[in-house]
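So the chains spell out like this:
Number of protein chains: 2
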Amino acid sequence: MTNGSRIAVDAMGGDEGLAVMLAGVARARRQFEGRGLDLRFILVGDEAAITEGLKSHPNLTAHSEIVHAPGVVGSSDKPSQAIRRAKTTSMGVAIDMVKQGRAAAAVSSGNTGALMAMAKLSLRTMPGIDRPALAAMLPSLGENDVVVLDLGANTECTARNLVQFAVMGAAYARTTLELQSPRVALLNIGSEDQKGTDEIRDAAQTLRLATHLPMTFTGFIEGDRLSRGEVDVIVCDGFSGNIALKTAEGTARFVADLLRRAFKSSMRSKIGFLISKPATDLLRHHLDPNNHNGAVFLGLNGLVLKSHGGANEIGVATAIGVAAKMVRDDLTRRIAEDLGNFEAKAA
Amino acid sequence: MTNGSRIAVDAMGGDEGLAVMLAGVARARRQFEGRGLDLRFILVGDEAAITEGLKSHPNLTAHSEIVHAPGVVGSSDKPSQAIRRAKTTSMGVAIDMVKQGRAAAAVSSGNTGALMAMAKLSLRTMPGIDRPALAAMLPSLGENDVVVLDLGANTECTARNLVQFAVMGAAYARTTLELQSPRVALLNIGSEDQKGTDEIRDAAQTLRLATHLPMTFTGFIEGDRLSRGEVDVIVCDGFSGNIALKTAEGTARFVADLLRRAFKSSMRSKIGFLISKPATDLLRHHLDPNNHNGAVFLGLNGLVLKSHGGANEIGVATAIGVAAKMVRDDLTRRIAEDLGNFEAKAA
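If you read the sequences in order, they're chains A and B. Using the UniProt record's numbering, the first residue of the first sequence is number 1, and each one after it goes up by one. Using the UniProt record's numbering, the first residue of the second sequence is number 1, and each one after it goes up by one.
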C-alpha cells in the first residue's frame, strides 16, 4: 500500500453497529502494522459517536481522521431513495472520499443495493463497462481461492454483461491471485453446450472466440463443483450468484450443526470430539464467513468494498485487509488495462 | 401401495449401468418386503441383458416382468432428438407403461431433459398446469425434510408457473409429509418485498392473496436458510433451483473433504476421529445424496421419477422407495384435487 493513502470507512453501516466497525478497523490496523504497513483511515459518520467510540482505540485515533455525516442508510431503504440523500449519509460521504481522491478505497457494511447505486452514480463505470459487478473470493480445495461474480449487484444480466464480468474477474484473479492466465467458467445447470439460458450460451460463444485475452475460458461449471479448485473465476448473473453464495454459506453451517449434534450424541463421541478439537477448530476457522469477508464492486473508477452486514470484528478486519491489498495492487488500474486490451483487440 | 400395482424401471438409464439399477431395485423390494409390502416391477430395456442381470437376483425375478426396448437415451442426447425415438428407448417405454396403466409410476436415472420432454409429451400436464416441475425433498434441521421445486425442468419461469409450482409443492408436502397447511416460500436474493425479479414479486403478490389455499405463504427465503427447517416448501425457477441444489451438494462434500483433511492432520486428531467414528458415520449417512435420491415431475397425469444419474445401489433403492410411497399415497390424485380447489376458488 502506498504510504499516505487512506481507506474511507462507513462507520455507521452494518447490523452490528459502530463499536464493531471501529474494533474491526483497529484490528486490521494492528495486523498490518505487524507486517510493517501503515494503514490510515477516514472514519465517516456521526462525529460525536465516532469520537466517543475511538476512546477505546487510542492507536486507531492516531491513524484516523473523522469526517462527519449526519445520516445513515437503513438496511431496508430502497436504493432509489438512498441515492437522493447520498451526500448526507455515512455511506455516500465515504464513497465521495474516493471520488475526491482523499481515500484510495471505501468500505461499508451497509445496504448492498444502496451502496451499488451510490457508488455507480458517484464514481461511474469504467470505459467499456455497462454495469459493475460484485465479486468475492470463496474458499476452495485448490491452491488458491476462487473469484465469483456477480454476487447480487445485477439481478438480470445480458450476455454482454457476463462477458464484461469475465474480463474483470480475470483481471482481479491476475492481480490478486497472481495468475498469468486464470481459468474462467460460466455457472450453468449443465456442462453441455446447449444447457442454460440464451444469455449464458451467447456469452460462452463470445468468450470461446476471445483467445487474445489473458485468461483460459473452460466452458460451463455446475453448482456442485464451485469449491473443487478446477477454475479460478466463476461468472454468473447476480441472482444465481447470490443464491449460490448464500446456499454454500447455509450448507456449511448446516453441516457444522449436524456435526455438533453428532458429536453430542454419545459419551464416546464427546470424548472423540475433545481429542480432535484442534482439527475441528481449524475447520471452523476455515469455514467462518468472517474469514472470507470483503466483496468488491468491479468496473468502477475507484474501489468500493462491501463488508457483510452481520460481520463481527474479525469480519470487518478481513474486509479492510482485502481493501488494503487492492489499493496496494492498484487493482482499478490493472482492470482498466485489461479492459483496454480487450476492447482494442476486439475492435 | 395398492397390491398388484407395478413400478416401471428404465433399467438402462444412469451412469452406473444395468447392474446397479437391478441391484437397487432388488434392494428396494427386499426393504419393502421386510415391512410387509409387496413391490412389483416392470423392467424396461434390452431383454437379453436384463435376463442375464436378473440371474444374480432370483427374488427380484419372481416379482418382475421384462418389457423389451432396444434403444437407450444417451446422457448428452438433446431432448428434441430423444423424443423422436421415444417408443424404441427404455426411457420412453417405461413412461408408456404408466400411460397404458400397466405401471403406477416410472423411474429413470437417465437424461433429465429427455425424461421431462418424453413424460410431458406422453402423459400431458394436468388441467391448470402449464409446465411440470421437478421436485425433491432436501434434508433440513427441522422436523421434516423440505420440498424444493423446480430443480431444473424449466430454465426460465413466469410468475404463473411459480404460483402453480407453489400449489403443487404444497400438495406434495400435504400428502408426503402429512402437513395440514405447509409453509411455502419463494427463493429470492433478499427478504424485502422489492427484492428479486418481476416474476418472483408478481408470484408473491398472487400467493399472498391466495389465502383460501391449504398452505401458509411465508414470503421470500434466501439461500442461506434452505436447510433451517423454517419452511416446508421452497419454490423457484429451474435454473436457481438447480444451482441451489448442486451448490448444497457440492458444499456438503467440500466440508466433508475439509473434515477428512483436518482429522488426518495429526496423530491426535486421527485418534479422535477413530473414537468419534460412529458419530461422523451417522453424519455421512445423513448427507449422502444417495439417501435423498428420487425427484418427481409434479403436474403430469402420472408419476415419473428421476433418480440421480450417478446414484449407487442404495440411491436407486431410495428413489424406488420414494416412488412406492407416492403410489401408496395416490399423489397424482391429491395434487389434482388441490389444483381443482385452487382453480375453483380463484375463478
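Just so you know, these hints were derived from the structure itself, not from any lab. Wrong hints could be hidden among the right ones.
To be verified - Here are the simulated SDA-like pairs of lysine to any residue, each with C-alpha atoms no more than 20 Å apart in a straight line:
id	chain 1	residue 1	chain 2	residue 2
1	A	Lys-195	B	Gly-309
2	A	Lys-270	B	Lys-277
3	B	Lys-277	A	Lys-195
4	A	Lys-195	B	Thr-155
5	A	Lys-270	B	Arg-260
Hints breached by this structure: 3
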